[in-house]
Amino acid sequence: SMNWGGSAEDLRSHWRQHLASILTNRTSGWELIVQSFGDRLEQLGETKAAHFCFMVSNSSISNPTDPLCRVALLGCSHKPQSNLELQTDEALEAYERTE
Numbered sequence: 001s002m003n004w005g006g007s008a009e010d011l012r013s014h015w016r017q018h019l020a021s022i023l024t025n026r027t028s029g030w031e032l033i034v035q036s037f038g039d040r041l042e043q044l045g046e047t048k049a050a051h052f053c054f055m056v057s058n059s060s061i062s063n064p065t066d067p068l069c070r071v072a073l074l075g076c077s078h079k080p081q082s083n084l085e086l087q088t089d090e091a092l093e094a095y096e097r098t099e
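Residue numbering for the sequence shown is 1 to 99, as defined by UniProt numbering.
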């Protein structure tokens, strides 16, 4: 994972500008950079911003039980202790129907 430096508040407030800079100046491996940026935003609790980064970087929506899963349901974190109301048998069955 990359070091995104700066304050958490700066990243929360200016993530769009940071992402735009990365996309405007695409270099080799830009997708991994955007995924790393999304990972940091997810750590900060910015799930929607993180998911936007993951979608821009071609990350797939995947099964929430996959340890490498970044996105299971757009806009909702699937990480432990997040959105526990979504972690039901019914929610898993609904996900499986979309595959």
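These are computed hints drawn from the structure, not numbers from a lab.
Keep in mind that this is a model prediction, so the values were computed, not measured.
Some clues are possibly wrong.
[Stated by the list, open to error] Pair by pair, the computed Cβ-Cβ distance ranges are:
| id | residue 1 | residue 2 | range |
| --- | --- | --- | --- |
| 1 | Ala8 | Glu31 | 21 to 29 angstroms |
| 2 | Asp66 | Leu44 | 16 to 24 angstroms |
| 3 | Leu74 | Ser7 | 42 to 50 angstroms |
| 4 | Ser60 | Thr27 | 32 to 40 angstroms |
| 5 | Glu93 | Ser60 | 42 to 50 angstroms |
| 6 | Glu96 | Glu9 | 33 to 41 angstroms |
| 7 | Met55 | Gln17 | 13 to 21 angstroms |
A virtual CB, placed ideally from N, CA and C, is assigned to each residue, including glycine.
Tested hints:
At about 24 angstroms, the beta-carbon gap between Ala8 and Glu31 stays in the expected band of 21 to 29 angstroms. As the Cβ distance of Asp66 to Leu44 is approximately 22 angstroms, the hint placing it in 16 to 24 angstroms holds. Under the hint 42 to 50 angstroms, the C-beta atoms of Leu74 and Ser7, about 27 angstroms apart, miss the expected range. Taking 32 to 40 angstroms as the suggested C-beta distance range, the pair Ser60 and Thr27 does not conform, at roughly 23 angstroms.
About 20 angstroms separates the C-beta atoms of Glu93 and Ser60, a value inconsistent with the hinted range of 42 to 50 angstroms. Look at Glu96 against Glu9: about 39 angstroms separates their beta carbons, and that is inside 33 to 41 angstroms. Distance hint for Met55 and Gln17: a CB-CB separation of about 18 angstroms, consistent with the stated range 13 to 21 angstroms.
The earlier numbered hints that this structure contradicts are 3, 4, 5.
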